[in-house]
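Colleague: Hey, can you piece these two chains together into the complex? The hints should help.
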Amino acid sequence: MDNGNPSEAFVAFERVQKSYDGEELVVKDLNLAIGKGEFLTMLGPSGSGKTTCLMMLAGFETATYGDILLDGNAINNIPPHKRGIGMVFQNYALFPHMTIGENLAFPLEVRGMGKSEREEKVKRALAMVQMESFAGRRPAQLSGGQQQRVALARALVFEPELVLMDEPLGALDKNLRERMQYEIKHLHDQLGITVVYVTHDQTEALTMSDRIAVFDDGRIQQLAPPADLYERPENAFVAQFIGENNKLMGKVDSVDGESAMVRLDDGSLVKSLRVCVNEPGEETTLSLRPERVLVADDGKDYDNTFEAVVEELIYLGDHIRSRVNVCGNRDFIMKVPNSSDHHSMAVGQKVRVGWSMQDCRALDAS
Amino acid sequence: MTQGDAATDPSMTDHMRDGQMVTADGTPLKASLKRAERRRKIIALLFVAPLLVFLMISFIIPIGQMMFRSVDNPQITSTLPRTLEAMEAWDGQGLPDEPVYAALAADLTIAQENRTVGQLAVRLNYEISAARGALTRTARQVSNMEAPYKEKFLDAHRLWGNPEIFQIIKREGRPLTASYYVSALDRTYDADGNIVLQNENRRIYVDLYIRTLLMSLGITFLTLLLGFPISFLMSSLPMRYANLLMIFVLLPFWTSLLVRTTAWIVLLQQQGVINELLVWAGFISSDNRLGMIHNMTGTIIAMTHILLPFMVLPLYSVMKTIPPSYVRAARSLGANPWVAFWRVYVPQTLPGIGAGAVLVFIISIGYYITPALVGGQSGQMISNLIAYHMQTSLNWGLAAALGTILLVGVLVLYWVYNKLVGADIKLG
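Note that the protein sequences, when read in sequence, are chains A and B.
Using the numbering used here, the first residue of the first sequence is number 5, and each one after it goes up by one.
Using the numbering used here, the first residue of the second sequence is number 670, and each one after it goes up by one.
Chain B extracted, bound-state conformation (with noise of 0.2 angstroms):
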């Protein structure tokens, strides 16, 4: 609108200027909307303020320096910074010359000097196996050494006649490396330096993290299967039922996860109750007892257990809110039970199966305790590989780039859900 126009407009004239809106003393009224929001603003976000800088510090700054935990790979450029400047005259092919070989003794004189070899010899030992013994044994040796170098590493390890290790240090030799995630799809670096897939029997990750997948799915439904029926009839039951039935639900869920757990053992060992219930029936002989625990079986039982109130939870409380005239509208629409259950009651609690199943999905991709406890060797998820790579074999860079794909894949996995559910069904 143009001044003109607001001139023959009474009504607007206060309120008009330039085309736009102003307060009464002449002053822009979204400006002055910005001022007047301001101090609630900062208000508000004095508020959120220490939870902020609490998940600051507890939870994104570590989360990133595991991430970079990943691809951090200081140890080979800063022990071997000669032996790396030596070697960028080296082909590649075959075993490098004699200025190589009399840099890396330097290296090493000095690596021992600051006891950080073996560092190093981890890092090595990472990429090819026998890297730990060829270093600290040479190591221990290199100030007695003289020139010509090359025979005497030689003679010092086999490890050192074999190209391959020149060729690691040359490829690991920078600040970042890819070779975590290289091990952690089951990939390898071939002589050429190209990634490849390991040998069939060194093969674990792809497939561990296709297990859980598939695990965390089943987990998923089995809770769904079983969450739904017992949400639905606390939905419909008069209060004190209800809450009855709530607590029986929440009841596991004030228990100790290690009790729960341990109770399962007691209940499907060999041994166990449901073993030895089974046997006394005559139902299968003493010798045939079914397996049921340290497996997948066992995870699965225990796992949908302990996941089961986060189903039941949001399933509850969305269709506590869905008013029984919906489904008695149906029926007076001439929709049988069944349809006017289906067609009318389970698409409203759409949300509560989506923010259910999301929150039972995402807690058991990542789940250790119960796996570590029950699962044996075909129970295990990628998990309790994370935690083995952290506490027993220590080789952070790979917990933390197994680590980091897991996270990046329930991400994506979300994001896929979001663009599949659309934008009015999410967590509840």
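Just chain A, same shape as in the assembly (with noise of 0.2 angstroms):
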């Protein structure tokens, strides 16, 4: 999908920017569209300027330049509550004062709905997210993942086309995180809405999203699919940031269609994927999945074989963590499955690894 068509999208960010100071840009040059009914994640550490884009969208804040496009209408001049844009907190703002009934039922009352078609709305955003027998308590005396519940059919009730999140798992503890990431899911496949998604966890945004817009420095490094994001990482940070990913540091030696032979620091030469480098003497960052490291006794051929030393060894039940000094790089981590016939390792062991060229993404410097 690239970044799709600014003129069929939904959502469209054009050109944005944004700086609160006059003297640093906090969002540089985005561009973004987001198609109706898809699921994106805006991801990335904090600072890295995603939730400024959310309160952009939401009306919050306003660009410093550019326009942000919804259904094809500029909005930067349209005050947030005539966006009709449905949006969960992080600390999910449900109003203390009023009961969780009445929470749901106050954007449904600021647009002069009646009584009786409000209480038959409430009743049904409740009952999509299992709270129907919560109508009269208070925000007070519901648990953390029932406000978070709350939080979400109030953003829902007023039947907005699009809804953002803001890390609206952030305070739930793991188990329920994981539980709510997949009913989040389900209601948007459900109701067929749009969401724009801000959080700085990798899990719950590789579980959840359609597309993820990597964000780091103010601009997008990478906007693709959960699995490419993974498995094509596309510069050195989307390696880093997203999955564990092995670091090696060298120089380009030479190139060849869509191969390149990178040396090590260490002399050694090691067989990889091109992905941002042209010509030989570049500084590169190889990127390795450690799942993609194997124990190379198997007959089998690899582009790359080394010899190892193991170093660490943590038992993990499905797989074996494995750190090994390999290339001169002590940090070097592998998966080694737990198979009946690699749980002879043992620490100080020296054992052949081995790596295919794909895996091994030659990336920018940084």
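Just so you know, these hints were derived from the structure itself, not from any lab.
All figures in this text were calculated on a predicted structure; none of them were measured in a lab.
Even for Gly, the Cβ is constructed at its ideal location relative to N, Cα and C.
Check each hint, because a few of them may be wrong.
[Stated by the list, open to error] From the derived model, a few chain A residues whose C-beta atoms are all more than 10 angstroms from chain B:
1) Glu12
2) Gly51
3) Phe64
4) Lys86
5) Gln134
6) Gln150
7) Glu235
8) Ser258
9) Pro284
10) Pro294
11) Gly321
12) Asp335
13) Val355
14) Gly358
[Said to hold, decoys possible] Chain A regions said to be covered by chain B (calculated; three or more residues, Cβ under 8 angstroms):
15) 87 to 96
16) 101 to 112
Modeller: The following block contains the structure:
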């Protein structure tokens, strides 16, 4: 889907820039098109500009430059309450002086909806998140997970087409967070709404999203479906930020078609996939997922095989996480599957490890 | 749970005995807990003990004494015991007979020797204005009097021919009295001993209580009106600007009360800065200068200024804790700025409004110094009259009664406030 065609997009950022102090750009030239019904996650470390983008879309921050389009219309000058965008906040922002029912009725009430219709919709929205029996309670009487569901119901009760979520699961414990991820995902599928979701948790992003925009330094570093993002990171930041990653620094020795030979700092030569490098002599970072590194004693042919010394073994049940010293890199991680023929590895032991050229991506130097 | 149940449930047997939770050695859990907590309680009590003692000595005991003084009435019973005894036979109609006058003469002779006539004269003078003259003059002559005393007394002072003085002695000849409260509420006793309203030109206190109440409410409202926007601004500004504003709010707090009040006199008086400016600008003519000081306007302006921090501080501390996401949530749900503010923001500031309002109201209802300096006649509050009775008229009983009524009034108002506002919103 690439960056999409802005004219067809439901939500579009066009060359959007944002500065708070007139000296530094928090968002630098953002172009993003979000299709109708899409679940798009903005993922990035704190300070990467992702929340600012969401706030600009919601109307709580103004874009310093550029246009934000909703369904083809520029919304820069439309106040938040006229945008009709549902929003779930990090702390839920349930009004503490109102009951759950009143909280949900609030958006309907300010739209001048009649009482019976209001009650009907509130009831339906609460049923949607399995909270029907809580209408009379106050937010403070609910657990974090329940508050989260109510916040979700409140953002959906007035049937917006676009719902923004700002780290909505950040305050929940791990189990609840996982359950809520599925629930949000199911609601999205059921209702056909467009969701823009902000998080710094990559697992969350990978679980829920149709596409993920990885933010860093005010720019989208890569915009891709979860699998692409993990398997085919386009730069060193994305490779490092998403999932676990082995980083090998080196210089390009030679380039041949889609492959590149990279000379590592200790002199060993690695055959890798050419992604960001063009010419010999360039600095590069090789990115290699730990599960793609294999113990090379099965007779198979690998593009790269090296001698490694086992430094540390951590037993994790389904696999053994092994820190090995390979090519002068002592923090090299590999995940050895816990099959009957591999559990004999011991600290200090020498093993041969290997990986294919396709799994070893030569990215930018940073 | 019975023993039988406990036996069948193995997880319970260790901790249950006779339906009670017990510890490992078999002592009941509650008793064990109490013992463990006792030490902490004692230590906690020791920490607050000095303050408690200080409060007892400097606050509770004096207030108790003050309140007792409003009903304390020892003067007549201690100086006129024989008279009171002799008056038991008197029916309260017309003048009493000779034995009462004889007893009075005997009492006054002793009182003159003990120098207690003065106190008695002052006490009776609260009830009837000629009493001081009558008693001091008669007491000087009483040692030369001989029976029959009634005639001599009637010669000595005309008051002794007025049955009212004897009615008063009879009524107030008890160790406790309600008469201070009767006067504090603009009431008096009529000839039959019933409590009736004072003459219209002698009613002061009830009107003053009402005025004090209304002025305090007005000042509370004004501080809220001025304090709310300031607090709102401070809570939404970045820290360093908020701190700067906070200093401006607190600056008057750190300045002497007298200096501030005097500054208002300089600003508001007839020849003061504001009047001069208005005349200079041609808004008013020089003969029509506004009277803004030494009246109620002056008191309200100066007190609003002085009490503003008491409103701003609780409001600010509450507003500071309201995350901006609430108003944002309201906006995103379709509420325009005004609706979001009124329906979502303001209700959450209610604890601050309540705390600030109670604080300002309670402080202003008993305020003394500012009304005394800038209040003139119409800006006086009840505390100024209490001070007058404490310092000038020396009628401490009346001062105590006025003070007690004020204290009880404030407590009743606080109770009503608590009932109305509910348990969750108190003093912040």
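Colleague: Evaluate each hint against the coordinates.
Modeller: Hints, verified against the model:
1. For Glu12/A, the condition that its CB be more than 10 angstroms from all CB atoms of chain B holds, with the nearest at approximately 26 angstroms.
2. Remark: the non-interface label on Gly51/A is consistent with the geometry, its nearest Cβ contact in chain B lying 18 angstroms away (cut-off 10 angstroms).
3. Non-interface status of Phe64/A relative to chain B is broken: a Cβ of that chain comes within 10 angstroms, the nearest being about 5 angstroms off.
4. Not every CB of chain B is more than 10 angstroms from the CB of Lys86/A (nearest about 8 angstroms), against its label as outside the interface.
5. For Gln134/A, the non-interface assignment is confirmed: its Cβ lies about 22 angstroms from the closest Cβ of chain B, beyond the 10 angstroms cut-off.
6. The Cβ of Gln150/A sits about 17 angstroms from the closest Cβ of chain B, beyond the 10 angstroms cut-off, so the non-interface label holds.
7. For Glu235/A, the requirement that its beta carbon stay farther than 10 angstroms from each beta carbon of chain B is met, with the minimum near 36 angstroms.
8. Separation of Ser258/A from chain B is adequate, the least Cβ-Cβ distance of about 55 angstroms exceeding the 10 angstroms criterion.
9. A cut-off of 10 angstroms between C-beta atoms confirms that Pro284/A is not in contact with chain B; the least separation is 52 angstroms.
10. Once the 10 angstroms rule is applied to beta carbons, Pro294/A is consistent with being away from chain B; the minimum gap is 39 angstroms.
11. Chain B leaves Gly321/A outside its interface by the beta-carbon criterion, the shortest separation being 31 angstroms against a cut-off of 10 angstroms.
12. Separation of Asp335/A from chain B is adequate, the least Cβ-Cβ distance of about 40 angstroms exceeding the 10 angstroms criterion.
13. No beta-carbon of chain B comes within 10 angstroms of the beta-carbon of Val355/A; the shortest separation is about 50 angstroms.
14. Gly358/A, annotated as away from the interface, keeps every beta carbon of chain B farther than 10 angstroms; the closest lies near 52 angstroms.
15. Interface restraint, the stretch 87 to 96 of chain A with chain B: holds (8 residues with C-beta to C-beta distance below 8 angstroms; minimum three).
16. Counting residues of the stretch 101 to 112 of chain A whose beta carbon lies closer than 8 angstroms to any beta carbon of chain B gives 3, which meets the minimum of three for the stated coverage.
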